[in-house]
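**Q** These protein sequences, in sequence, are chains A and B.
Quick note: the first sequence uses my numbering, first residue 426, plus one each step.
Quick note: the second sequence uses my numbering, first residue 5, plus one each step.
I should point out that these hints are in silico values taken from the structure, not numbers from a laboratory.
Any given hint could be a false lead.
Said to hold, decoys possible - Residues from chain B that keep clear of chain A, each with C-beta distances beyond 10 Å, as calculated:
id, residue
1, Met49
2, Ala57
3, Glu112
4, Ala175
5, Ser309
To be verified - Chain A regions said to be covered by chain B (calculated; three or more residues, Cβ under 8 Å):
id, region
6, 521–528
7, 540–552
8, 578–587
9, 835–847
Claimed, not checked - Across the chosen pairs, the derived CB separations fall in these ranges:
id, chain 1, residue 1, chain 2, residue 2, range
10, A, Ala461, B, Leu183, 55 to 63 Å
11, A, Arg953, B, Glu381, 31 to 39 Å
12, A, Arg622, B, Val302, 41 to 49 Å
13, A, Ala461, B, Leu88, 47 to 55 Å
14, B, Phe197, A, Gly594, 12 to 20 Å
15, A, Thr719, B, Ser293, 18 to 26 Å
16, A, Pro720, B, Leu88, 16 to 24 Å
17, B, Phe197, A, Arg558, 24 to 32 Å
18, B, Phe197, A, Tyr510, 57 to 65 Å
19, A, Arg1001, B, Asp492, 22 to 30 Å
Ideal Cβ positions, reconstructed from N, Cα and C, are used throughout, including at glycine.
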Amino acid sequence: MFAAADRKESETMPGPAPRSSEEQVSHGHGDRLIAALSRDSWMPLAATATGSIATTAVALALPAALAAAVNAVVTGRGALTATAYLALLLAGAALAEVATGITSTTATASAIGTLRLRVAGHLLSADVSGATRFSTGELVNRLVSNTATAGSAPVTLLGTLTGVAASAGAVVALFAVDPRAGLAFLAGTPVLVVVLRVFVSRVSGLYDEYQSAQGRLAARLTETLAGIRTVRAAGTASREIDRVLRPLADLSSTGHALWRAQSRTVWQIMLLMPLVEILVLAVAGLGVAEGRLTPGALVAVAGYAALGLTFVEQIDPLLGLAYGRSAAVRVLEVLALPVLPAGRRRLPDGPGALSFRGVTVTRGDARVLDDVDLEIPAGALTAVVGRSGAGKTTLAMLAGRLTEPDRGRVLLDGLSLSDLEPGCLRDAVAYAFERPALLGGDIASAIAYGTAGTTREAVRAAARAAEVDDVVSRLPLGYDTPSAGAPLSGGEIQRLGLARALLRRARLTILDDATSGLDTVTEAQVTRTLVEGMRGRTRLVVAHRPATAARADLVIWLEAGRVRGRGTHRELWRHRDYRDLFAPDAPDSRGEPHGGEPAGVASRQEASCPR
Amino acid sequence: MSAVTTARRQSPPASPPPAGDRAQGPWRLLAALLRRRPRPLALVMAWSIVEAAPALLSGLLVATAVDRGFRAGRPGLGLVLLGLLAAAMLVGAIATRLMFPHLAAVVEPLRDDLVRAVVEATVTHASAGEQAPDGAAVNRLTEQIETVRALLSAVLRNTRQVGVAVVAAVAGLLLLSPLAAAVVAGPVLVAAFAFVRLLRLLAARQRDLLLAGERLTAEVTPALGGLRDIAACGARDQARESVRSLVAAQAAAMRALAWAGARRRLVVTIGAHVPMVALLLAAGPLTASGRLTAGEIVGALTYLSTGLEPAVRTLLGTVGSWGITLAVTAQRLGDVVTPLPPRDEPACVPETPVGHDLRTDRLTFAYSPRAEPVVRELDLTVGEGEHLVVVGPSGIGKSTLAMLLSGLRRPTEGVVRLGGLALDAVPRRHLHEVVALVPQEAYVFAGTVRENLGYLRPAGEATADERLLAAADAVGAGPLLTRLGGLDGAIDEPSTLSAGERQLVTLARAYASRARIVILDEATCHLDPAGEARAEAAFAARQGTLIVIAHRVSSAARADRVLLLDGARAITGTHRDLVTRSPLYADLVGHWNHDAPGRDRLPE
């Protein structure tokens, strides 16, 4: 029961911390979260408290009732009444314990549920670029595991409080019966408390280490599984197993250290507790011998001393609370992500003109976009080109308010995107991505995701426009094939994402590299849809291929977060640096070094390779 | 290596295990693991019995000290008896201290074995082509292993308490008064029966809870991975609603378990409290007829209230709660660690192929017998040192061909030969060394740059740094290498590299390998065209065969020969050949040239 390693609510390990947390979240914040949780589920908590108080009261009354019943039976007077009273108490105890068990679980379940919904709701309305800084696994961990640990804290806290109160009450009672015995109890406990404190601090540090070793192991396994095709091809499965298992040595040694810490301390506690009891008993015993105490009082002293020592049992819940606090902090790190506040204004009809006014976006120390002013003409196809890390994707995310600029404004038909009511905004802007996530179950719902009440015919029309109808028809269950595990290539998934965007017939459609995985023929067909099929609607296309740029009405050329040039593809083609963006082997294309790109995002190629 | 792999079953893992097997599943895994360390297990049991001794003595010693000592006016005797108790406690505490190392010796290696078994099974299954669990599932596995470790140690420490206490209470009662024991026996037997029945319900509820948790994780993972898409589709409410129903289902499973658990408390009532009341009710008539003495009544009730009741409670907690969770969790882990059937290596003395030319003979591949073949009757020869580029619309089977050529998929019909020897007959080691397949998704792992670049070199080889540096330079990863801090630089978080940078790492790795046949399966798709051209030129200049599954048609113009797949058939020829012979190819090139005016035009 003292064993910290015996905890069953062991929680998945903290993964790597988010690289830049916007705000430092402290344990104090975690405590406030737990307090708020307690307030939210106060009813089952109050019921739990009542139940445990009743349980304690009955437990205190039982020995006396049993003694009375035995006396009554032996003497033969009032045996039935005493037995009935005992039976009543026993039934009461059962009822109180059953009720406490159920209400405490109800309280915990409701606290966990509330917290999970809060985290999910927050993530769903958060600034996308902030939320995606956490890995998916990390988000799942916080939504599923950390909430469970933090959500158990209120009930644990309640249990600790009642436990401590019972102990304290017993000590007071002990003093009331015999002050000397009370003093003997108090004389013995400080040593015990010191031993406990040393134990807890020693074990918590080790437990953190243990969790971090667990996390390293899980991270390595995840990594290997993500690259499993390479592992298969290289036949390195057994080497990978060794690599993944490397942190196991740390895990094992920390595990053994935990046991050593326990073995060093637990026996002292196991010895100290009865010694305190014996000391108290000896003092009371001498009191009886001196005639200062009655024999009955001796029994009471023994009972209260034992009850008083039950505070030691609070160690495990206290450790649980410590984990609950850390978990609450990790949950709060997610809840501290900036959200995009919903606007109120409705968007009147308009042609779909998009403007960037002095837009700056910084990530860490790097300026991803630096004071960008841009007009994207309504009804036209505008291509955004530039090297990796030039800020193209950020620009695309800003254009539909998936993220918000640190400075400046983005306007659609003259209205700031941040003022718009979310439903209006989503009706007006559609997105297709390089690697879309297929959500909603089967292929048809993946295409119609977010547009309730779409007919199958509309879904198929969109799929045809995205040149993916044939692909879907060849799937085992056609449009009813579950998206997860469907045999689809990257290019095919991309086309499904494109169909999803086309279905919405939005005023502004943003394609972020959404055709990069397509072969040349399919890409040509899709481009035709973009150029001709969507004529009159505003299209903003991030592209690496010259194909798209050549067909665009306007090309925006980004470099290191600034607009390097704008014009038609032909006009811009005069710049050597612009040609270098596409040119496979220009002999003297080593351009100027492109300063200012954020480290770690840029894939800088040197295009010179004389043959 | 591990107990689980040693206890390898011969049944194929693909088919679900038969129901009977499943029923004994939870204990099979645990028993196999525990059997491996009988000595520490026995020592834990032995020491924990010693540990329990003082608790058994305490009642007797305290009672004697009070009755014969303090109350009888002999405080000296009382103190001596209490001193004896203290000495017994010391023995118990020492036993506790001595027991821990043995407990650690059982539980820690068991955890190690479990981790090893899970990692081995997961990686082996995934590398055999089965669907791999995602990151969230991996975290869940970690959690389940930890649950097994924690609960097992708790159960080991507590089982003896149950055993000793139950035996002591029952034996004491029988010795004291067989008649009282008879009165008590009825309800206790009913309780035992009810408990056994209850265990099934508890196991089912516990399993439901576990599954609800797994479902929550499984369904929430794609949603959290697609936050951007949800926002972009305006599907926030839809997503929130589906999370809400999963969260509610999990909470409902928690409550259902709590309700089932409440019945545990009723077992205490039937097994311990009903006998007390029954004994008290029976005591009147029995003492009146002289068949039971007052002392016997007091003694029997003492055994019931201080012996049997706590024992029943501990039993319910240990077996009915921890044991159930332990069993259910171990069973889930057991599902994961089903071993693979041994791979059929060529039985005869393995031959090593002569030469490195690749030939396919009527090569056909279909995902299922009824499905349209992805590759149909392909005859292809790739000579040693040749540079072949495969071109065709996406979804036409280019990647499948790459897998077939590297031996990762078995042909449905026909055969692939390496140096004249069918791939099936080529020893795996040789094949892995000779053929390097670089897939589109670049595998970069946390480690040093040197480890990453030397990955395809034989393990333990003192890889010359110059070779790795030269490889990095050749494919255009030189600047990246410098930025990462050279070969000794650490890649702590591979995800901080861009997709293009990760591809550069895997390209340099393949370049530095000893492979004689390199297959690039769209391995340069995240590079810009200039980077792609440079990398392909480097591989073309490298000794050995180069097969490129083209992402851009511009790759084709650089090849010795082009293989064009258009679904119906496959044509090979040089770039110039195909422009005139194949309208599809001419179309592709024309389209490309339309986009790339000026000097990047491909010859038409």
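**Q** Against this structure, judge whether each hint is valid.
**A** We went through each hint and held it up to the structure:
The Cβ of methionine 49 (chain B) lies farther than 10 Å from every Cβ of chain A, with a closest approach of about 17 Å, so its non-interface assignment holds. At roughly 13 Å from the closest C-beta of chain A, the C-beta of alanine 57 (chain B) stays outside 10 Å, upholding its exclusion from the interface. With a least CB separation of 5 Å from chain A, glutamate 112 (chain B) falls inside the 10 Å interface cut-off, contrary to its annotation. Annotated as non-interface, alanine 175 (chain B) keeps its C-beta farther than 10 Å from every C-beta of chain A; the closest such distance is 22 Å.
With a cut of 10 Å on Cβ distances, serine 309 (chain B) falls inside the contact zone with chain A, its closest approach being about 6 Å. Figure legend: the region 521–528 of chain A, annotated as covered by chain B; annotation consistent (4 residues with Cβ-Cβ distances under 8 Å, at least 3 required). Only residues whose beta carbon comes within less than 8 Å of a beta carbon in chain B count, and the region 540–552 of chain A has 8; three or more means the coverage holds. Counting residues of the region 578–587 of chain A whose CB falls under 8 Å from any CB of chain B gives 0; the rule of at least 3 is not met.
Check result for the region 835–847 of chain A against chain B: violated, 1 residues qualifying (beta carbon to beta carbon below 8 Å, three or more required). In this structure, alanine 461 (chain A) and leucine 183 (chain B) meet the distance hint of 55 to 63 Å, their C-beta atoms being roughly 60 Å apart. Arginine 953 (chain A) and glutamate 381 (chain B) have their C-beta atoms about 34 Å apart, which keeps the hinted 31 to 39 Å range intact. Between arginine 622 (chain A) and valine 302 (chain B), the C-beta spacing of about 42 Å keeps the proposed range 41 to 49 Å intact.
Checking the proposed 47 to 55 Å range against alanine 461 (chain A) and leucine 88 (chain B) shows it holds: the Cβ atoms sit about 54 Å from each other. Range check, phenylalanine 197 (chain B) to glycine 594 (chain A): about 39 Å between beta-carbon atoms, so the 12 to 20 Å window is missed. Between threonine 719 (chain A) and serine 293 (chain B) the beta carbons are some 35 Å apart, a value that contradicts the proposed interval 18 to 26 Å. Judged by the Cβ atoms, the range 16 to 24 Å given for proline 720 (chain A) and leucine 88 (chain B) holds: they are separated by roughly 21 Å.
In this structure, phenylalanine 197 (chain B) and arginine 558 (chain A) break the distance hint of 24 to 32 Å, their C-beta atoms being roughly 57 Å apart. Phenylalanine 197 (chain B) and tyrosine 510 (chain A) have their C-beta atoms about 29 Å apart, which leaves the hinted 57 to 65 Å range violated. For the pair arginine 1001 (chain A) and aspartate 492 (chain B), the beta carbons lie near 37 Å from each other, so the given range of 22 to 30 Å is not met.
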